[in-house]
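> What follows is the residue order along each chain.
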Amino acid sequence: MAPNPLHILLVEDNPGDIYLIVNALHTGSIPKDVQVVEDGEAALSYLRRKRRFRNARRPDLVVLDLNLPRVDGRQVLAELKADPELMTIPVVILSTSEAPSDITTCYERHANCYLTKPLDLVEYLDLVQAIEDFWLGCAALPA
Amino acid sequence: MPTEAPTAAAEILLLTQRAEDLEVIRQATETNRLNVVSRCPDILSWLRREGQYGTAVRPDLILLDLDLSNQEDCELLSQVKEDPDFRRIPVVVLAASESQENIYQAYSLHANAYICKPPDRQDFVRVIRATLHFWLALARLPRE
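In order, the protein sequences belong to chains A and B.
Mapped onto the numbering used here, the consecutive letters of the first sequence carry residue numbers 2 to 144.
Mapped onto the numbering used here, the consecutive letters of the second sequence carry residue numbers 161 to 304.
Just so you know, these hints were derived from the structure itself, not from any lab.
Nothing false has been slipped in among the hints.
Here are a few chain B residues that face chain A, going by a calculated C-beta distance under 7 Å:
| no. | residue |
| --- | --- |
| 1 | Arg248 |
| 2 | Gln260 |
| 3 | Ile263 |
| 4 | Tyr264 |
| 5 | Tyr267 |
| 6 | Ser268 |
| 7 | His270 |
| 8 | Ala273 |
| 9 | Cys276 |
| 10 | Val287 |
| 11 | Ala290 |
| 12 | Phe294 |
| 13 | Ala299 |
| 14 | Arg303 |
In this text, all values refer to a predicted model and were calculated from it rather than measured experimentally.
For glycine and all other residues, C-beta sits at the position ideal for the given N, C-alpha and C.
All chains, full assembly: derive it from the sequences and hints.
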């Protein structure tokens, strides 16, 4: 394993989704560590290394749900992409929302891509694998 | 199934000057439509439907073969991503350079993704296929 495996921040409040995404990521072949935060406020604190996240590592990739407690995922996206320190971190939106307005707004706010959670379990696992394959295996990420 | 491919063929707008890259990308395009220009200003003319591009179709995905150590290439990316009419169209940068400076520059100018073109042709084919599959069959793209 590389000394510094890729670091993914998963922002997701649903325990079922967390279980599924984290397990799917851990079965992938690319070494990585995954940190989970369950609301938008914690996500911003993590990214800004505030309070209990003082020693947090800068993530190489953020996987962000939209409907989150405390601070909504749309707001997290807007703040992250407006912050010169954080804006280069690629953000993958992974949401149940298929609303065209959500898709458009997220791209307007510079989400790097928008994916919807499949209802079918096998498709869901394949999609998480595809996130790994493209973002960790194919795209070049800023260090 | 939420991740199904769009029913209509997707429109791809590609900027490249390299015939050998174009051939690989054309093969990977499958049933989608590939529109190609070879000069930076033509991307903006295409998007704005200026001059010879008066009837150009709006792309679903833009692929730009860029060298981001070049000022003109940076300006093109920044112009596309700052334009309120076009900035939501995903832009994937294809580049020969693996320099962290260029990668950082691409993401700070809001490229949706940066792909280093592998020197080996088979690897390049694989990367292009994976990129187009991810964006056209899995990602949800904004309508208009």
